[in-house]
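**Student:** Please work from the sequences and hints to get the whole structure.
Taken in sequence, the protein lines are chains H and F.
Just so we're aligned, residue 49 is where the first sequence starts under my numbering, counting upward by one.
Just so we're aligned, residue 9 is where the second sequence starts under my numbering, counting upward by one.
Treat each hint with caution, since some may be false.
Now the in silico label distances, taken between C-beta atoms and shown as ranges [unchecked claim]:
id	chain 1	residue 1	chain 2	residue 2	range
1	H	Leu105	F	Lys162	50 to 56 Å
2	H	Lys417	F	Thr55	39 to 45 Å
3	F	Leu208	H	Pro158	51 to 57 Å
4	F	Asp135	H	Gln512	34 to 40 Å
5	H	Lys356	F	Arg296	46 to 52 Å
6	H	Pro368	F	Lys162	25 to 31 Å
7	F	Lys46	H	His443	51 to 57 Å
Quick caveat, the hints were computed from the structure, so don't treat them as lab data.
Being a predicted model, the structure only gives us computed values, none of them experimental.
Every residue gets a Cβ at the ideal spot worked out from N, C-alpha and C, and that includes glycine.
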Amino acid sequence: MKEKMGTTGLIFNEPLLWEKGSPGRKGLSLPRRDVAEAPLDDALTGDGPDFPDLSELDVVRHFTRLSQWNFGVDSGMYPLGSCTMKYNPRTNERQASIPGFANAHPLLPPSLCQGALALMYDLQGYLAEITGLPAVTLQPAAGAHGELTGMLIFAAYHKHKGKVRTRVLIPDTAHGTNPASATLCGFTAVPVKSGADGVLRPESVAELMDEDTAGIMVTNPNTLGLFEKNIRQVAAIVHEKGGLIYCDGANMNAIMGIVNIGDIGVDVLHLNLHKTFSTPHGGGGPGAGPVCVTRQLEPFLPIPRVVKEGNSYRLDEDGPLSVGKVHAFFGNFGILLRACCYILSMGNHLKQASQYAVLNANYIKESLKGHYHLPYDQPCMHECVFTDKLQQEHHVATLDIAKRLMDHGFHPPTIYFPLVVSGAIMIEPTETESKETLDQFIDAMKQIAREARQCPDCLHESPQFPKVRRLDETAAARKPCLRG
Amino acid sequence: MRYLPHTREDIEQMLQVVGATDLDALFSSIPDDCLRKKEMNLPEPLTEWELNGHMDHLAAGMGASPACKVFMGAGSYNHYIPEITRQLLLRSEFFTAYTPYQPEISQGTLQTIFEYQTLVCRLLGMDVANASMYDGASGLAEALLMAIRVSHRKKVAVSRAVHPLYRKVVETYFAPTDYEVVELPVGVDGRTDFSGLKDLGELACVALQSPNFFGCIEDLESAGKAIHADKKTLFVTAFSEPLAYGLLKNPGVCGADIVCGEGQSFGIPQSFGGPGLGMFAARQPYVRAMPGRLVGKTVDRDGKTGFVLTLATREQHIRREKATSNICSNQGLCATASTMYMAAMGGTGIRELSRLNRDRAEYLKASLAGAGYASAFTAPTFNEFVVRFPEGFSDTWQALLKKKIVAGLHLAPWYPELSDCWLMCVTEAIDKNDIDGLVKEVTR
Chain H
49 MKEKMGTTGL IFNEPLLWEK GSPGRKGLSL PRRDVAEAPL DDALTGDGPD
99 FPDLSELDVV RHFTRLSQWN FGVDSGMYPL GSCTMKYNPR TNERQASIPG
149 FANAHPLLPP SLCQGALALM YDLQGYLAEI TGLPAVTLQP AAGAHGELTG
199 MLIFAAYHKH KGKVRTRVLI PDTAHGTNPA SATLCGFTAV PVKSGADGVL
249 RPESVAELMD EDTAGIMVTN PNTLGLFEKN IRQVAAIVHE KGGLIYCDGA
299 NMNAIMGIVN IGDIGVDVLH LNLHKTFSTP HGGGGPGAGP VCVTRQLEPF
349 LPIPRVVKEG NSYRLDEDGP LSVGKVHAFF GNFGILLRAC CYILSMGNHL
399 KQASQYAVLN ANYIKESLKG HYHLPYDQPC MHECVFTDKL QQEHHVATLD
449 IAKRLMDHGF HPPTIYFPLV VSGAIMIEPT ETESKETLDQ FIDAMKQIAR
499 EARQCPDCLH ESPQFPKVRR LDETAAARKP CLRG
Chain F
9 MRYLPHTRED IEQMLQVVGA TDLDALFSSI PDDCLRKKEM NLPEPLTEWE
59 LNGHMDHLAA GMGASPACKV FMGAGSYNHY IPEITRQLLL RSEFFTAYTP
109 YQPEISQGTL QTIFEYQTLV CRLLGMDVAN ASMYDGASGL AEALLMAIRV
159 SHRKKVAVSR AVHPLYRKVV ETYFAPTDYE VVELPVGVDG RTDFSGLKDL
209 GELACVALQS PNFFGCIEDL ESAGKAIHAD KKTLFVTAFS EPLAYGLLKN
259 PGVCGADIVC GEGQSFGIPQ SFGGPGLGMF AARQPYVRAM PGRLVGKTVD
309 RDGKTGFVLT LATREQHIRR EKATSNICSN QGLCATASTM YMAAMGGTGI
359 RELSRLNRDR AEYLKASLAG AGYASAFTAP TFNEFVVRFP EGFSDTWQAL
409 LKKKIVAGLH LAPWYPELSD CWLMCVTEAI DKNDIDGLVK EVTR
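**Tutor:** The following block contains the structure:
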């Protein structure tokens with residue numbers, strides 16, 4: 049296709065829900081009343097919520113129109129760095145909606161939930177094989193929840209060893225939630241500066257590591273899209289002082305089948321199933337953040353755990369050293385199921401997924417080099433980071449470039465992150481984008497670089513095509529209006 | 009592989025641009041001693057139809073409704089899900105989008121969340137709601153931590169009638185901190201006993217659940233008065249069945265400061281316990297101490313109304329080491345589902361449905377009482393209640409499983425003092441015939 053992807057279309061206006069409807073309308077049929085009304089004390093009875101009354105079509109049109117104001121992976125390329133917006137296979141939705149799974153109560157007796165337990169048991173095994181860390185909990189409901197679980201394990205482990213440790217080292221190229229996860233568990237987060245090449249220097253870790261430090265939280269590959277190549281030396285330094293290595297595995301999409309995380313000295317790792325294993329992100333969740341650990345740390349994993357005895361499965365509540373429970377039931381089972389289906393349909397092709405993800409990122413990096421400033425000019429993993437340095441002389445900033453991309457029909461990359469790079473533009477194409485799509489994206493980026501020189505105001509005025517133009521975020525924060 | 013588009017020609021052309029000889033060369037930045045030696049040992053990839061067969065097989069033995077009659081709630085409820093909710097949710101623009109970091113092309117998600125926040129506030133009688141938490145249990149843990157931040161006190165009291173699994177999660181969150189959790193006992197009527205409150209010292213908050221784990225409707229108004237006798241103590245109300253507030257006085261009217269709970273009842277499949285939806289709301293003055301995302305209304309350059317993520321400085325984005333919580337993602341799609349559900353129900357529908365849930369549960373309660381099985385507690389209940397069964401009922405319960413009936417949840421593992429008690433639940437998905445059938449079976 050020669051024309052650019054973005055264009056204007058018919059966009060409907062749609063009011064807020066409560067500006068629609070009319071009292072007495074109903075959007076669904078209620079079950080027949082087959083029992084008498086039971087009285088309830090007036091002191092306990094309320095008026096019921098002030099919800100608008102709408103017809104079924106009112107509701108359908110409302111949300112259909114709203115959906116059309118959104119950009120999703122199914123709409124177009126969504127190269128949001130560190131978020132791994134790959135294609136979400138449709139078959140997974142079919143599997144998650146099988147009544148046996150969708151309608152299953154979480155407290156069913158074991159004889160009536162063998163299928164769900166078997167699936168969880170299998171998934172634990174697959175994740176152990178992929179990461180090289182043998183013991184797995186599926187309970188955490190999101191990546192950051194997995195980080196929290198990891199830090200709880202750190203705390204429980206050191207307490208068991210008889211010494212409460214107070215600090216956790218966190219490199220500046222780690223994910224944004226890491227320090228908060230450590231802080232929640234009572235640790236002080238100690239920042240570690242990365243080296244000039246964008247990766248951790250063992251000397252920096254050696255300087256900070258002591259016997260009051262519980263360990264280190266590394267993101268690998270890190271948020272610059274680089275493999276922490278000194279990880280083994282770092283692990284040796286930390287282990288030497290009795291500390292543990294946590295690896296934020298949000299970027300696992302780059303190294304499936306390439307690196308065995310257990311072999312490189314990592315003790316605890318979380319995975320973002322919604323990223324690496326293709327479950328839909330749903331506008332911000334639900335996700336799932338399983339945690340994989342070494343045999344040594346297995347006793348500290350949350351309970352209950354799925355165990356297999358003969359040909360049947362049961363939940364084991366016994367865990368005197370366990371950190372406890374982090375979710376009311378077993379975690380986001382519906383997400384676990386989708387991820388398991390993805391693994392089952394990929395098998396060892398998971399390695400190819402990583403290879404192509406890395407190929408695509410490097411292809412973009414090489415193709416845009418020179419058009420945009422590349423702060424770390426070296427082979428990248430599954431994402432690459434540019435900056436707005438070359439555009440600044442035309443008074444065009446990262447934000448303008450991002451907004452202009454919308455007019456070209458692409459979701460912008462992650463911007464102003466990682467924080468270690470000023471004006472960062474972090475591009476993660478994922479393996480599911482074809483060469484044709486990458487070429488269109490590269491063309492759009494090059495054209496925007498041209499526009500920055502020739503017509504900077506075109507960029508300042510962007511985006512032009514979406515339903516709304518640039519929004520006043522300062523006013524929103526100064527005088528928050530959080531409900532209608 | 010059908011999800012991977014590259015042909016051999018594509019790969020060759022791209023490798024040339026990149027300057028790598030083959031795919032392995034792409035990983036040259038990884039030291040040799042970090043490379044995986046052995047291939048992953050995973051099953052052969054399944055085709056789409058093989059996968060269907062495998063999953064159908066696993067699902068076949070599950071005791072799920074409608075084939076199985078499950079009279080069990082305890083934090084997960086079987087309600088009808090309108091087909092429009094299911095289908096609208098599959099609109100892939102909602103479904104395959106991420107956190108709305110770019111508001112101009114995320115207005116669908118943002119307006120939906122703004123509507124969600126508003127409807128949750130209206131349901132619970134609160135001023136501000138966030139864009140959701142993981143589940144009811146972690147929501148309660150976050151509410152207690154928030155009360156500690158607001159009050160600068162370190163001790164919280166939680167009723168023993170709060171869902172035992174929620175209390176376990178709280179325990180986990182509190183274990184590495186120096187904060188203390190004390191328990192409030194349950195009175196003989198099945199409601200929380202406040203008589204010892206004054207002896208507990210300075211509390212950051214007192215947390216109840218209503219309807220509580222036993223299905224009993226707490227007297228929130230008196231509770232609020234007792235708790236607020238100390239002005240610095242916050243009143244936290246949890247719930248696992250939001251549908252109750254179609255009929256009951258909401259926590260806001262009763263003086264609650266923070267309300268949190270599980271929203272699965274509103275259009276979200278039970279799905280073996282997750283994903284659910286952590287609903288979370290508070291009074292206006294506490295908005296900056298709240299965890300989680302918030303969506304706010306604003307205008308664009310042309311003065312048109314639009315929505316953005318706001319007050320993000322509380323989160324990890326800006327001051328990483330100072331963030332008030334580590335929440336990053338939420339349960340966005342589940343919040344969207346519940347918004348669609350609340351919209352389809354409307355005020356009229358939710359009231360009628362709420363009443364029907366209670367009436368059918370009361371019908372079962374009365375039928376069992378008529379057959380000689382009394383309720384364990386006297387307090388009014390919503391759609392679940394505790395009943396005492398004679399010795400040997402465990403065998404009946406096991407026998408009923410073979411007939412595809414799950415006759416409630418045995419309370420013995422959770423409350424040893426209630427070892428002869430079962431927690432029964434009836435929603436609109438169970439009708440009079442099903443109830444009569446159960447009563448006939450247990451009285452056989």
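**Student:** Give a verdict on every hint.
**Tutor:** Taking the hints in turn, this is what the structure says about them:
1. H:Leu105 - F:Lys162: 50 to 56 Å: 53 Å, holds
2. H:Lys417 - F:Thr55: 39 to 45 Å: At 40 Å between Cβs, range holds.
3. F:Leu208 - H:Pro158: 51 to 57 Å: 39 Å, violated
4. F:Asp135 - H:Gln512: 34 to 40 Å: Given a distance of about 37 Å, which is inside 34 to 40 Å, the answer is holds.
5. H:Lys356 - F:Arg296: 46 to 52 Å: 48 Å, holds
6. H:Pro368 - F:Lys162: 25 to 31 Å: 26 Å, holds
7. F:Lys46 - H:His443: 51 to 57 Å: Roughly 54 Å apart at Cβ, these two residues keep to the hinted range, so it holds.
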